[in-house]
Amino acid sequence: MLNMLRTDGAPKPPSRKMTDTNLLMTITIVVFFAMYICSIVFLGEGFRKPQTMLNLISTNSYMIILACGLSIVMITGGIDISVGGVTALVAMSCAVYLEMHDGNVFVAVLIAIGIGLAFGIVQGYLVAYLQIQPFIVTLAGMFFARGLTTIVHTDPFNVTNEAFVTLKDSRITIPLLGSTTKKGVYIPATIEIGVIVAIVIVAVLFCVLKWTKLGRSFYAVGGNRQSALLLGLNVRRTTFISHVICGLLAGIGGFVYFMHVGSGSPSHASGAEMNAIASSIIGGTMLTGGVGNIVGTLFGVLSLALIQSIVASLGLDDPWWTGITIAAMLCIFLVVQSIIIARRKKANKAAGAV
Amino acid sequence: MPNKKVLPPNASALARITRHQIIIPLAALLLLAVFNLINDPSFFSISLKPNSNGDQILSGNIISIIDNGSELAILALGMTLVTAASGGQDISVGAAIAISGSVMLRVLCGADARAETLQAPIIVAFLVACLVSMAFGAFNGALVAFFKIQPMVATLILFTAGRNIASWINNSQLPIVKEESFSYFGNYIPGIPIPTPFIIAIVCFIIMFLVLKFTNLGLYVQSVGINEKTSRLNGLNPELIKLMTYVILGLCVAVAALIKVSRISTINYSVVAKDIEMDAILAVALGGNALSGGKFSMAASVIGAYVIQFLTTTLYALEVNAAALPAYKAVVVILLVVMSSPAVKEKLAVVGKKFRKNGAAAEKA
Numbered sequence: 016m017l018n019m020l021r022t023d024g025a026p027k028p029p030s031r032k033m034t035d036t037n038l039l040m041t042i043t044i045v046v047f048f049a050m051y052i053c054s055i056v057f058l059g060e061g062f063r064k065p066q067t068m069l070n071l072i073s074t075n076s077y078m079i080i081l082a083c084g085l086s087i088v089m090i091t092g093g094i095d096i097s098v099g100g101v102t103a104l105v106a107m108s109c110a111v112y113l114e115m116h117d118g119n120v121f122v123a124v125l126i127a128i129g130i131g132l133a134f135g136i137v138q139g140y141l142v143a144y145l146q147i148q149p150f151i152v153t154l155a156g157m158f159f160a161r162g163l164t165t166i167v168h169t170d171p172f173n174v175t176n177e178a179f180v181t182l183k184d185s186r187i188t189i190p191l192l193g194s195t196t197k198k199g200v201y202i203p204a205t206i207e208i209g210v211i212v213a214i215v216i217v218a219v220l221f222c223v224l225k226w227t228k229l230g231r232s233f234y235a236v237g238g239n240r241q242s243a244l245l246l247g248l249n250v251r252r253t254t255f256i257s258h259v260i261c262g263l264l265a266g267i268g269g270f271v272y273f274m275h276v277g278s279g280s281p282s283h284a285s286g287a288e289m290n291a292i293a294s295s296i297i298g299g300t301m302l303t304g305g306v307g308n309i310v311g312t313l314f315g316v317l318s319l320a321l322i323q324s325i326v327a328s329l330g331l332d333d334p335w336w337t338g339i340t341i342a343a344m345l346c347i348f349l350v351v352q353s354i355i356i357a358r359r360k361k362a363n364k365a366a367g368a369v
Numbered sequence: 226m227p228n229k230k231v232l233p234p235n236a237s238a239l240a241r242i243t244r245h246q247i248i249i250p251l252a253a254l255l256l257l258a259v260f261n262l263i264n265d266p267s268f269f270s271i272s273l274k275p276n277s278n279g280d281q282i283l284s285g286n287i288i289s290i291i292d293n294g295s296e297l298a299i300l301a302l303g304m305t306l307v308t309a310a311s312g313g314q315d316i317s318v319g320a321a322i323a324i325s326g327s328v329m330l331r332v333l334c335g336a337d338a339r340a341e342t343l344q345a346p347i348i349v350a351f352l353v354a355c356l357v358s359m360a361f362g363a364f365n366g367a368l369v370a371f372f373k374i375q376p377m378v379a380t381l382i383l384f385t386a387g388r389n390i391a392s393w394i395n396n397s398q399l400p401i402v403k404e405e406s407f408s409y410f411g412n413y414i415p416g417i418p419i420p421t422p423f424i425i426a427i428v429c430f431i432i433m434f435l436v437l438k439f440t441n442l443g444l445y446v447q448s449v450g451i452n453e454k455t456s457r458l459n460g461l462n463p464e465l466i467k468l469m470t471y472v473i474l475g476l477c478v479a480v481a482a483l484i485k486v487s488r489i490s491t492i493n494y495s496v497v498a499k500d501i502e503m504d505a506i507l508a509v510a511l512g513g514n515a516l517s518g519g520k521f522s523m524a525a526s527v528i529g530a531y532v533i534q535f536l537t538t539t540l541y542a543l544e545v546n547a548a549a550l551p552a553y554k555a556v557v558v559i560l561l562v563v564m565s566s567p568a569v570k571e572k573l574a575v576v577g578k579k580f581r582k583n584g585a586a587a588e589k590a
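Going down the list, the protein sequences come from chains B and H.
When you read off a place in the first sequence, starting at 1, and then add 15, the result is the number in this note's numbering.
When you read off a place in the second sequence, starting at 1, and then add 225, the result is the number in this note's numbering.
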């Protein structure tokens, strides 16, 4: 009874308590900057140059795009493990098209987007309208994409198409961040085109998730399907759209990856899906759905990339260290997340019981 | 898909049969068998041939299915329990096999990767590997049970680190076991024409069957999977039961690792048991078990595992490129799950009813 009497005071003042989404994202961002500052202070030299950071972003721009797509699916309460396979398939198809059929770069982009959309639509239909578990559907999608990659072409090869190589090697100069070498030569700071694509996608998705009806319905469906349905949301369509967006982003991410490596190979982007999922989780997205943020995902990707380069620069050259540190980081983040959420639940319960 | 509908007593025989969960993998198995029979009847031929050691062994496609499907079937046992109890899957089994196999080789060969003699008895190496892989299982289980992390995410940690840890244990070396008796586990014991992995798998099935029959493990696992809160109110300890299923899976992993390592007497950390986690999960799904936990059928999972191996061998017999194999597998899997999805089932039922009505109307006329 007491509970009911106090309903007027029930909505918490938003200024004092952060939502789960913001809290988890804040942790990631703080950890990222702490790591960056530590590496600048203790490891010095290399990390002090802005170009190091920009290279990190350039290398991982495709991962940012993939992880963004995954975040949307995960916020909606699903999972997509086919993104790595789609990336490899896109890279291989574009490579074959450009190299062996002397294709046009613009058409190659269309091919990439087409492949991504096709995967998104088929998987989304199976998950949303036929209600098959997303894990199984996208697992099959991953197998299919990987298998198809080798059917398209079996051996790795480089692309020598002129227009494409020009696009691949073009860099965008950022003013003020360049550095001067010991000889006094000024080297401008540059980024790849993929970074611009990634930033645009992050910005668009951030706005979509924050301010559009579609974006909010992703959270609603992921948070609680039943109540989303009762609110009159089209749960199936929302799930479908989340998969289509993820597929589309996998296609775009695949092309950005292709622009970065400039070759086609069946072993490209192996394990990318798991890295993308890990980045999403570190960025504060929860696999149960309803919690997550695109900016968090961005920092999740960057944190993973940063820790890899820290491990490399610490002189731990043995190949196993990268995997082990990523796993350790993932473990710590997961445990912290789970403890925070459990505490929060307890606090909420206690607040409700008074 | 556990069918909870209670059928009326006068339901048709067909409806009675299709009620059983095991029908899904059996139908798939039958379909594959019929396909092979039509395509190439010699697929099923079994012959007794001498192997490189001069022993008489059975050979043929069927033998290779039951031989190569053993690891998968053993993993499916543990995976079924994990799925049922925690409503999620362990995606680290492949990596755990790498760790377990690596430990086994480390104990057998000691620090010298090219040791001429065994540094420890095989049984000791196996037990150590069991302990290690149970410990990793317990790690996964603790994350899932006590920290309430979704199983797929919790096991993602070991998935990322596993193969790295495995190569770390042996310092990136690839030890080779020279002792011949070690290779018996993955190949043939002289004098016995049946592949040893299949015998090991059968022993595992029997043990699992006895455990489920004479203990309450199965019941407890299902009740935790169906409703954690009610099982707690009934005096069960859901955390402990979840943890236990992961430890059991760890044990299955160690057995599978023994077979895998013994097959080639060495290990390749990045390739050994690659993608087996996906196959094991598929086996559970093909067995008609709900991946969201709850009721399970162990026999259906095991048959599901052999269906996958059957499919693989069939595709090899059709001379499909090994690297392109996953694409065909995916198509078959999607067809199977689409057929068994509730939405499609409903539509099929409606079509079937209409058909029957039309038939009845035609009879009357």
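Treat the hints loosely; a few may be bogus.
Result set (BS3-like, lysine-lysine): computed pairs, CA atoms no more than 27 Å apart in a straight line [unchecked claim]:
hint: 1; chain 1: H; residue 1: K454; chain 2: B; residue 2: K360
hint: 2; chain 1: B; residue 1: K364; chain 2: H; residue 2: K454
hint: 3; chain 1: B; residue 1: K361; chain 2: H; residue 2: K454
hint: 4; chain 1: B; residue 1: K361; chain 2: H; residue 2: K373
FYI, nobody ran anything at the bench for these hints, they're computed from the structure.
Outcome of the hint check:
Annotation: proposed proximity of H/K454 to B/K360 holds, straight-line Cα distance about 16 Å (limit 27 Å). For a cut-off of 27 Å, the pair hint linking B/K364 to H/K454 stands: about 17 Å separates their Cα positions. Of the pairs offered as hints, the one joining B/K361 and H/K454 holds, with about 16 Å between alpha carbons and a cut-off of 27 Å not exceeded. Taking the CA atoms of B/K361 and H/K373, the gap is near 14 Å; set against the 27 Å cutoff, the hint holds.
Checked against the numbered hints listed earlier, the structure breaks none of them; every hint is satisfied.
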